[in-house]
Amino acid sequence: MSRPQDELAEEGEEVFRNLTEVKKSQIVMPCHANHRQELSVGQLLKWMDSTACLSAERHAGCPCVTASVDDIHFEHTIGVGQVVNIKAKVNRAFNTSMEVGIVVNCEDLFSDSHWRVCQAFATFVTQRTTGGKVQLRPLVPRTQEEQVEHSLAAERRRMRLVHADIMKDLLTNRAFQQVEVQEAEKAVPAERTQVESVELVLPPHANHQVNTFGGQIMAWMENVATIAASRLCNAHPTLRSIDMFHFRGPSQVGDRLVLKAIVNNAFKNSMEVGVCAEAYQGEEPLRHINSAFMIFEVCDRDGKPCTLPKIQPEPLEGRRRYQEAIARKKIRLDRKYIISCKQTEVPLSVPWDLSNQVYLSYNNVSALKMLAARNNWVLNSEKNKVSLYTLEQKQVLSFKIEFEADVPAERVFMVLSDLSKRVEWDPNYERCELIHRVDDDDFLYRVVTPSICRGGVSSSPSANQGGMVQDFILLASRRPPCDSGDPYVIALRSVTLPTHPPTEGYNRGEVLCAGFSIMEVSNTVSKISYFNQASPEVLPYISTDIAGLSSSFYGTFCTCSTFLQDNRDNPTPKDQPPSSTLNSTLL
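Mapping the sequence shown onto full-length UniProt numbering, position 169 (from 1) lands on 169, and the numbers just tick up by one.
Calculated from the structure, these hints are not laboratory results. Please read these numbers as outputs of a predicted model, since none were measured by experiment. Do not rely on the hints blindly, as some may be mistaken.
Calculated pairs, DMTMM-like style, for lysine to aspartate or glutamate (alpha carbon to alpha carbon, straight line, at most 20 Å) [as the list claims (entries may be wrong)]:
#1 Lys268 - Asp300
#2 Lys310 - Glu324
#3 Lys385 - Asp406
#4 Lys168 - Glu324
#5 Lys329 - Glu317
#6 Lys87 - Glu21
#7 Lys23 - Glu57
#8 Lys168 - Asp353
#9 Lys329 - Asp169
#10 Lys304 - Glu314
#11 Lys336 - Glu75
#12 Lys329 - Glu297
#13 Lys310 - Glu191
#14 Lys336 - Asp353
#15 Lys527 - Asp353
#16 Lys24 - Glu107
#17 Lys394 - Glu404
#18 Lys87 - Glu75
#19 Lys383 - Asp406
#20 Lys336 - Glu324
#21 Lys260 - Asp353
#22 Lys87 - Glu57
#23 Lys186 - Glu314
#24 Lys168 - Glu75
#25 Lys421 - Asp440
#26 Lys421 - Asp441
#27 Lys87 - Asp108
#28 Lys329 - Glu38
#29 Lys330 - Asp169
#30 Lys168 - Glu404
#31 Lys260 - Asp300
#32 Lys421 - Asp439
#33 Lys168 - Glu317
#34 Lys260 - Glu196
#35 Lys527 - Asp418
#36 Lys383 - Glu404
#37 Lys394 - Glu510
Across the chosen pairs, the derived CB separations fall in these ranges [unchecked claim]:
#38 Asn507 - Asp169: 33 to 39 Å
#39 Leu202 - Asn85: 25 to 31 Å
#40 Gln393 - Cys558: 42 to 48 Å
Note that CB positions come from ideal geometry on N, CA and C, so glycine has one too.
Based on the sequences and whatever the hints tell you, model everything.
This is the structure:
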């Protein structure tokens, strides 16, 4: 295991050492490989877990154990003779748990080429021999990248806490309850894919606290899952992804670990295998250690996925697993295309529904935090301490307007959170109606903005001097600070709703990424930053300011400052937008 190396931050900054960073480089030997001379995923999971554990222990200063691991997508395989480079570092420490980010790259020594294999986020908790929990010290990010990951870690933690509820709510949906098992002539009975294996936990499988390595348990689980998948397709499958999972209890040296696997469902080109790990010693009852769901594919010689045979589930429990696999596939796709994609790759017109709203909310907040963390903003103009900044990156123009207000940050957050009040200070908001209050932190709005025409601003829907009035369907996500030093965040992005399709006379606009970041300067002063990643529909409202032909932004945000002053001591009921109703088809 290599020692942490000196990191160089942005050019011109001082050199420093990230004390939580741990690196591991390992050449893949035949003993690490499968029949295709590729690194076994189980072996890779062991290396990832041990590297991440050492990183967590460096920050905690005491033994740590794996609590959970987020979704892992394996982008490439690794061959014998190639080098695996693993880097792990703590992204954020909470009270008694911490998130460790893990990046795995592969290196070919002969061609000097490198490529990403996977990225993962693991949660570790501290463990004391005397019992009790260790209060972790805060982690101070130093580079721009670390600041972004530190901020996003709070959002990822939020998703982990509601993951089980999302699954439960989705399974109560009538659409999934009414899924029928498709009969097929050559369907493979699910019981044929069943695997059961027992492993004895020995000292080499455990850490210095005699607890079984989480990575070792995952490796054993991957082994039985691969056998189950092979029995369905009569071929050698490739593991493509592992869903988020949690360790429900500890395992120790001397445990007998019972591992069970079965194919839950087979789709056209992939299959889901469910794996369960239970432990016992002597005559004691089985203890549930972990359950995981792994996705396999079978590829032909050209690397293209093959069509898989259908599965015939067992009655009762088998049919339940069959239906749950369909629900998990939907969640998996939501997480992959809403969370894993880069902001510029996420389709604007993502349909909103209750099953994906947590992931859309995460994408909404994370996109704004990443935009705010950019350090190459250019000051475009300034007037009476109201500043306009621009940022051009990959042909996308973003702008930031920044000013201070003599109002406490928490009060600014509560006032600006109610988007329906924005019409009182922003001339670009003609109307704003609350469509639905999702929960205490997420709201759906319809915003109407005046048309931009050569003769000025026109509010008539029939105006054709410069175009129609625009409307937007926006998801507003607000977040209070997780720790001191964090900003208050109000993030906005476009979504689509079946109950609110584009209407005649209005041009349906799209908001890529927008919102407010509010920092506390003192108990009575806050710094307010408004960000917008300008889409073609938004750019006309700010283009003259960016070009230096006007300073309308100054008047708008002076009005905003006055509005905040007027509402400094005038709280709205419960300090949150009022509730509203939404068509039952969405609920």
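> For which of the previously enumerated hints does the structure constitute a violation, in increasing order of number?
Replying inline: 10, 15, 17, 21, 24, 28, 30, 31, 40
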